[in-house]
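Add chain Y to chain D, keeping to what the hints say.
There are 2 protein chains.
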Amino acid sequence: VKKAKYELHYWPSIQGRGEFVRLALEAAGAEYADVARLPPSKGGGAAKLVALLGSAANAVAPFAPPVLRVGRLALAQTANILLYLGPRLNLVPDDEASRFTAHQHQLTIMDAVVEAHDTHHPISAGLYYEDQREPALARTRGFVDERIPKFLRYFERVVTDNSGKSKTPYSVGRSRSYVDLSLFQLVSGLKYAFPKAMKHYRRAIPKLEALSERVREEDRVAAYLESERRVPFNEDGIFRRYPELDLAPGRKTSRRKS
Amino acid sequence: VKKAKYELHYWPSIQGRGEFVRLALEAAGAEYADVARLPPSKGGGAAKLVALLGSAANAVAPFAPPVLRVGRLALAQTANILLYLGPRLNLVPDDEASRFTAHQHQLTIMDAVVEAHDTHHPISAGLYYEDQREPALARTRGFVDERIPKFLRYFERVVTDNSGKSKTPYSVGRSRSYVDLSLFQLVSGLKYAFPKAMKHYRRAIPKLEALSERVREEDRVAAYLESERRVPFNEDGIFRRYPELDLAPGRKTSRRKS
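Protein chains in written order, with the numbering used here: chain D, 859 to 1116; chain Y, 859 to 1116.
Calculated from the structure, these hints are not laboratory results. Where a beta carbon is used, it is the ideal one built from N, C-alpha and C, also for glycine. Careful, some of the hints might be misleading.
As the list claims (entries may be wrong) - Cβ-Cβ distance ranges computed for the label pairs, FRET-style:
#, chain 1, residue 1, chain 2, residue 2, range
1, Y, G929, D, E1071, 33 to 43 Å
2, D, S899, Y, G887, 33 to 43 Å
3, D, S1033, Y, E889, 49 to 59 Å
4, D, E988, Y, K900, 48 to 58 Å
5, D, G901, Y, K1008, 45 to 55 Å
6, D, S871, Y, G887, 46 to 56 Å
7, Y, G929, D, S1033, 38 to 48 Å
8, D, Y1100, Y, R1032, 44 to 54 Å
Claimed, not checked - Below, simulated SDA-like cross-link-like pairs (lysine to any residue); rule was C-alpha separation at most 25 Å, straight line:
#, chain 1, residue 1, chain 2, residue 2
9, D, K1008, Y, R927
10, D, K1023, Y, K1025
11, D, K1008, Y, V972
12, Y, K1025, D, A919
13, Y, K1008, D, H975
14, Y, K863, D, D953
15, Y, K863, D, E954
16, Y, K1008, D, W869
17, D, K1008, Y, I1096
18, D, K1025, Y, A919
19, D, K1023, Y, A919
20, Y, K906, D, D1019
21, D, K1008, Y, A955
22, D, K1008, Y, L985
23, D, K906, Y, R1005
24, D, K1008, Y, K906
25, D, K863, Y, A955
26, D, K1023, Y, L931
27, Y, K906, D, R1011
28, D, K1065, Y, A919
29, D, K1008, Y, R1005
30, Y, K1008, D, Y986
31, D, K1008, Y, G984
32, Y, K1008, D, E954
Just chain D, same shape as in the assembly:
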């Protein structure tokens, strides 16, 4: 059996953080295996992933997935994986300053992802959502009223400042980068989890909307999104659609010293 050049190890039943890596590999047409999504006979399955993560055979098992294996190298941390893949898959400009800028943006996207996750798990990831519904509602109120607009407006400004009056805006440089792919995923996830808020805010982010739609329509991305390789959004992942957390923006919390 020929081994794929890139091996992604991530939970097979959710998009989660692994999706940012899947999108990069797919958009670039890279030869990769999404290992845990293979049948158990080929090394797939969540149980084998758990075993891998805790394996003494790993020099150092990572703190958490996703993990990308490339030959003898094993990389963890989503943004770190994209930092590695960017130049190799032609998903980031060549100059060093742009690469640091791209990575900076990716880290800010990952910050937004943590906050999106914590709307439904503000107390502990080790407890059910159902056991933290009240604080989840409180956290979501602030996320919808303050954090979603702060992140979206920030990235709208990033894309605007980077692209000037171009009709094909990008977040970094003059071509589509892994940051654009990740912004598509962030915007898609927020729309899935918080449709009311995103209906309200989308008017304020025309560049980000255009960029996301263009990513969605790329040949390889479109084919991936239609395929069985794309795990659907669901209520085990980071972006969850709970009707009671789909708040309409409105009650602005006054800014206070924390």
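Below, chain Y alone, put in the same frame as chain D:
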């Protein structure tokens, strides 16, 4: 006035995320200015920092501080700044694999920092701690019982696997890196905020303890820690000592699907 090669822009009254950058600059003996800590007559002060962060003069103002300025380059995101400084300040091994490993560890440290922050602000950073005390206690219970030991044991294993039987353990490679400095800061912060838990767990992390103490005793680090340049831990920062959150570990929450 001669300009410093490195300009750090960060809140002047807390250690916060900026402290990971300060420690790297100090340990390397770099020529830098901690701009917001200068007197207002020299461009310092929190108000000027706020103005800088929102300034239209910035190509793109960052989402949040810390910001490192080096000539025309402005970098945000703590781990990204250390990724940049590492090779330039001789704070990371030369080979590419070690650099990705170091960055991976730094990102995991930053994840721990977010979780430490959210113990006192589980609902919103825009609200006072006093307005979220009940969920703060609940979140801290899980942090103390499950997350602190998970992070510490992980890094104990990192240091152990990297150092073998060496009496001078390091987290990456064969010399002291910015990751070691950051681990010192993480361990110090946890000890400040959660002395009961850390008294309980420190037996399980002998390598991490030895590494932290060695960092603390480095000439430049020791001089920095004694100086006025080091902001003391306080209850405006990430690591806060609230007696009611200084929980003794004990009641293990059963692991449940999230």
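> Does the Cβ pair D/S899, Y/G887 satisfy 33 to 43 Å?
Replying inline: About 57 Å separates the Cβ atoms of D/S899 and Y/G887, which means 33 to 43 Å is violated.
> When you check the alpha-carbon spacing of D/K1008 and Y/I1096, does it fall within 25 Å?
Replying inline: holds (21 Å)
>> Against the range 38 to 48 Å, how does the distance between the Cβ atoms of Y/G929 and D/S1033 compare: consistent or not?
In response: Cβ of Y/G929 to Cβ of D/S1033: about 25 Å, so the range 38 to 48 Å is violated.
>> Against the 25 Å threshold, does the CA-CA distance of Y/K1008 and D/Y986 hold or violate the hint?
In response: holds (19 Å)
> Is it true that the CA of Y/K1025 sits at most 25 Å from the CA of D/A919?
Replying inline: Holds, at about 23 Å.
> Given the proposed pairing of D/K1008 with Y/A955, does the C-alpha separation stay at or below 25 Å?
Replying inline: Answer violated: D/K1008 to Y/A955 is near 35 Å, above 25 Å.
>> D/K1008 and Y/K906 were given as a pair; does the straight-line alpha-carbon distance stay at or below 25 Å?
In response: Holds, because 21 Å separates the two Cα atoms, which is no more than 25 Å.
> Would the pair Y/K1008 and D/E954 pass a check requiring their Cα atoms to be no farther apart than 25 Å?
Replying inline: violated (35 Å)
> Quick one, are D/K1008 and Y/G984 close enough, alpha carbons at most 25 Å?
Replying inline: Judged against 25 Å, a Cα distance of about 12 Å means the pair holds.
> CA of Y/K863 to CA of D/E954, is that 25 Å or under?
Replying inline: Within the cut-off at roughly 18 Å; holds.
>> Check the hint pairing D/K1008 with Y/R1005 against an upper bound of 25 Å on the C-alpha distance.
In response: violated (28 Å)
>> Against the range 33 to 43 Å, how does the distance between the Cβ atoms of Y/G929 and D/E1071 compare: consistent or not?
In response: holds (37 Å)
The structure is inconsistent with the numbered hints 2, 3, 5, 7, 10, 21, 29, 32, although it conforms to all the rest.
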